[in-house]
Amino acid sequence: MRQWELLVGEVLAPARGYVELRLEATQALEAEPGQFFMLRAGNLPDTYLPRAFSWYRQDAPRRLSFLFRVEGPGTRELARLRTGDLLQAMGPLGRGFPLPQQPIRAAILGGGVGVPPLWGLAKALLQGGSDVLALIGARAKAHIVGAKEIAALGARVLVATDDGSEGYRGPLTDLLPEEGIDAIYACGPEGMLRRVQQISLADGPPAYLALEAPMACGYGVCMGCVVERAEPPSDQGEYGRWARVCREGPVFAAQEVRL
Amino acid sequence: MTGQAVSFAGLSLKNPVLTASGTFGYGREAAELYDLGLLGGVMVKGVSREPWPGNAPLRVARAPGGMLNAIGLQNPGLEHFLSTDLPFLRRYDTAVVVNVVGHDLQGFVDVVRGVTGQAGVGAVELNISCPNVADGLLFSQDPASARKLVAAARQATDLPLVVKMSPNVTDPVALGLACKEGGADALSAINTLLGMAIDLRRRAPVLGNRTGGLSGPAVKPVGLRIVFDLAAQVGLPVIGMGGIETGSDALEYIMAGASAVAVGTAVFRDPLAPPRIVRELVDELEQHGFESAAQAWAAANPAAKEAAS
Numbered sequence: 001m002r003q004w005e006l007l008v009g010e011v012l013a014p015a016r017g018y019v020e021l022r023l024e025a026t027q028a029l030e031a032e033p034g035q036f037f038m039l040r041a042g043n044l045p046d047t048y049l050p051r052a053f054s055w056y057r058q059d060a061p062r063r064l065s066f067l068f069r070v071e072g073p074g075t076r077e078l079a080r081l082r083t084g085d086l087l088q089a090m091g092p093l094g095r096g097f098p099l100p101q102q103p104i105r106a107a108i109l110g111g112g113v114g115v116p117p118l119w120g121l122a123k124a125l126l127q128g129g130s131d132v133l134a135l136i137g138a139r140a141k142a143h144i145v146g147a148k149e150i151a152a153l154g155a156r157v158l159v160a161t162d163d164g165s166e167g168y169r170g171p172l173t174d175l176l177p178e179e180g181i182d183a184i185y186a187c188g189p190e191g192m193l194r195r196v197q198q199i200s201l202a203d204g205p206p207a208y209l210a211l212e213a214p215m216a217c218g219y220g221v222c223m224g225c226v227v228e229r230a231e232p233p234s235d236q237g238e239y240g241r242w243a244r245v246c247r248e249g250p251v252f253a254a255q256e257v258r259l
Numbered sequence: 001m002t003g004q005a006v007s008f009a010g011l012s013l014k015n016p017v018l019t020a021s022g023t024f025g026y027g028r029e030a031a032e033l034y035d036l037g038l039l040g041g042v043m044v045k046g047v048s049r050e051p052w053p054g055n056a057p058l059r060v061a062r063a064p065g066g067m068l069n070a071i072g073l074q075n076p077g078l079e080h081f082l083s084t085d086l087p088f089l090r091r092y093d094t095a096v097v098v099n100v101v102g103h104d105l106q107g108f109v110d111v112v113r114g115v116t117g118q119a120g121v122g123a124v125e126l127n128i129s130c131p132n133v134a135d136g137l138l139f140s141q142d143p144a145s146a147r148k149l150v151a152a153a154r155q156a157t158d159l160p161l162v163v164k165m166s167p168n169v170t171d172p173v174a175l176g177l178a179c180k181e182g183g184a185d186a187l188s189a190i191n192t193l194l195g196m197a198i199d200l201r202r203r204a205p206v207l208g209n210r211t212g213g214l215s216g217p218a219v220k221p222v223g224l225r226i227v228f229d230l231a232a233q234v235g236l237p238v239i240g241m242g243g244i245e246t247g248s249d250a251l252e253y254i255m256a257g258a259s260a261v262a263v264g265t266a267v268f269r270d271p272l273a274p275p276r277i278v279r280e281l282v283d284e285l286e287q288h289g290f291e292s293a294a295q296a297w298a299a300a301n302p303a304a305k306e307a308a309s
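Those protein sequences? They're chains U and C, same order as listed. Residue numbering for the first sequence is 1 to 259, as defined by the working numbering. Residue numbering for the second sequence is 1 to 309, as defined by the working numbering.
Chain C extracted, bound-state conformation (with noise of 0.2 Å):
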């Protein structure tokens, strides 16, 4: 299974197939169900310096091909990723990348700081695309503070430095291109789609915080164009993930230019929809004739074909 390994950025996998995060928690339900060693990595649910209590229900409602949520990054905080979930992970054969939330720049740097060093973190991803927060797109809105917010955390750390870009952006390369610029190493697209869903009875949105993020196999195509469009035109590798439902899915993203692949909403239909997508992408693989997915992405990937000629 050689052939499965993929390795950027500063990070090694066993294979190109991860968990997104807020779909996973800490991994621990997941763990009840199948040896989290056969995952690629797990990137976390939102850690935060302090625990967040989220968002007042309802949080979550029906969308075609998908779904919506309010969440809000509900989170134990750094301290607890630290002395409970961390120590649990570590003790699965998977990358864990850390997903960093804040509501403000220290709050960022702090998280990113206190991960640093700490055994068993293999990267860290600033999530400064989280539609479900006050401040969530905060570091989204303009290049400049992502780049500022970047560099900080790039201070803070010598991890690989993962970015989280939203869809819900004018210009997603301005931002991929911004964070290089503050010294990511990687980026990972797409979080969510802003949406909202009515309750006709009560004349009203059905989430207790308005708006929701929308996920699921209805945003694959968007997903697909922006990591299409960041491995072209930002020249860092991409972690790709919006409605992976199939190893078919899986291949299509890294043909899109992705380095790996996370699966996300496909867990809440399926628990065990990750190891099987890991299994399918190397039939997937063989299938189109690849030894590899870094065959494949080399193949099919603008940015690679560039660099080659």
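Chain U on its own, in the form it takes in the complex (with noise of 0.2 Å):
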């Protein structure tokens, strides 16, 4: 984990309501799938803290992107950079998607905001030689992001939206297939992930989920982030409780925690 100083480069705008920074650095960012950075970019009061988002698409080794919908603070802030502009940047931080030795079929899945980590994740499976099914879910046709972009990488991909505009509609779960899925990697809204935890908590296959929660300093001090532990561990009484977000996740396999 370091500081950076980001120079946007060009500012996209993917799908309605997001936005896609593409970042450039003086030198090489290497982060795993589903790691995150602490993002701030200037000093507006309501903005003081930094914001953790995790990275989205690398083209070049001092190039990250990161993909946000626009909805606070932060955010509109974020979203105001124009090419040329600076962002400060700490990174990479947690604990990302654990990646199998052995190519597997592995299912992948994101809603909305949950989409950014996929990409890397993607790319990552295939280049070990697995097989990746990624299921995109958004509200609707207008606000899907990643989908193109993870197809490319050579993933089959579907999509679910909740109105039915485009691919599926109902909940991106319903996409899972029964049988022939060796593990499922799932980034969204918590209902999603609950459902993703309740099927590789029936006998389904290991999922990993990365969740995500307010935090204020993204690096384990501030102790905000907080998730229940499923199983404390036995020898730290109440405060065992908990497990950070920032620093035993994002990722946390779905046994591991209470949701």
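No lab work stands behind these hints, which were simulated from the structure alone. Glycine residues also receive a C-beta, built at the ideal position from the N, C-alpha and C atoms. Some hints could be false.
Among the chain U residues that face chain C by a calculated CB cut under 7 Å, a handful are [as the list claims (entries may be wrong)]:
1) W4
2) L201
3) P205
4) P214
5) C217
6) G220
7) V226
8) R229
9) Y239
Combine the two chains into a complex, taking the hints into account.
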């Protein structure tokens, strides 16, 4: 982990409400799929704390992009950045998706703002020889992000929308094949993560869930981003009830956490 | 760099910049980034007799010029601190101030006694001002109970005894005087200000604990005012904190009467803030014509001026 000053290259608007910032560093950035960075753009009073974002795409060692939905003061400020602006970043942080030792048949699920970490994951899985089925969810057709980009890597992509304006109408998890999947990786709304967790724990394949939580620091000192552990370690008493999303996560095995 | 050293209340610091309790864990995460020996001291996260789980999420929220937190003093307890955290901190050449929390007087006293005599503990800081646990402000509510607690802790230790002051009281000076009567060697100020944020969609407070503590640059003027009053009217050394982001902020606190300062919330935004502020303070002192923090303190502090006249 280190601090970076990143130069804003292209600013893209890939879907309704979404912005992709393509950033350039002076040195190579190496991050695992599922790891995140704390970003901050300026000094506006409402955005004192940096914001955590998983990285999205990387097409050169010194380039990294972030994709986010514009919804609050922090993301609005980031969305105002233009080519040539500078951005402060700290990372990479946290524990990313565990990658298989052998080629597997993987299903990767991303809903809405949960899609970004799937690009790097799909790329790593495909490079390792795995077969990747990517399930991409959105509210409606206009809000779909990442489907084309992940398909371009060589993954099979299926889309679900809440209103049926594109692909399947209904929960993304309905598209999970009942057989022939060795591991599930998911990032997105809590409801979706809970369904993936239920499927995995009910004799399904192992699943890895990338969680999101409001956090102040991103590197383990504030204790703000905790999630309940399913089985607290026996030697830590009450203290062990929680795991930090920023440090022990953001990716947890399905059996590790209580959602 | 001899000019950086400060000494007060039985505590000797290589420079006047510490890290504030609750924003730094027990130093492990920051030690991955820099040598903790660059710091004047580390005020560790609150230690209770037994492990405490802290509050249910959500625990942090945005606020203009800072943030709200309601962590609730999650900590692994005294035994873990002594067996694991303190030995880790002992590896660094920096003062360790143990922040102590308890649900009742005996809870405080047991931890104070437990850390007394342990190698590497420079001082004890009684945290009677956490707004995020049900009984956190119990001993700040009236000066008499604060005095009783401090006196009990005084009986339990010969370590320098610091008491952390709450800004959520009508008269911080009265509270500070009571702590002095109880036997405190120094005061630290300020803890967070009690606040709240509302989630419009859920039509409810954002934080799981409903209320939280406000910190960050927004609270600096409150911290300066309270440090100024405590330093001038109580007659104990004060460790100043609240919204310190730069060496200039640190010097403001010193000129308000602080003998040393602590960096808190700034480390969330910039993990390297404490060693940066150590460097910036040296430059800042020089720019204002001072050879040391102690000299700046003496030049500006009303209590020091009074004593000299």
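Checklist entry - Hey, does the U:G220 contact hint survive, CB to chain C under 7 Å? => result Since chain C brings a Cβ to about 4 Å from U:G220, closer than 7 Å, the hint holds.
Checklist entry - Any CB of chain C closer than 7 Å to the CB of U:L201? => result 22 Å, violated
Item to check | Hinted contact U:W4 with chain C - closest CB pair below 7 Å | outcome: 13 Å, violated
Checklist entry - Regarding the hint that U:P214 lies at the interface with chain C, is the smallest CB-CB distance below 7 Å? => result 5 Å, holds
Item to check | When the least beta-carbon distance from U:V226 to chain C is tested against 7 Å, hint result | outcome: 6 Å, holds
Item to check | Hinted contact U:P205 with chain C - closest CB pair below 7 Å | outcome: 28 Å, violated
Checklist entry - Given U:C217 was flagged as interface, is its beta-carbon under 7 Å from a beta-carbon of chain C? => result 4 Å, holds
Next on the checklist: For the restraint on U:R229, tell me whether the closest CB of chain C is nearer than 7 Å.
Outcome noted: For U:R229, the interface hint is violated, since the closest Cβ of chain C sits about 11 Å away, which is over 7 Å.
Item to check | chain C contact restraint for U:Y239 - C-beta distance below 7 Å | outcome: Given a least distance of 4 Å, the restraint on U:Y239 holds.
In summary, the structure is inconsistent with hints 1, 2, 3 and 8 from the numbered list given earlier, while agreeing with the others.
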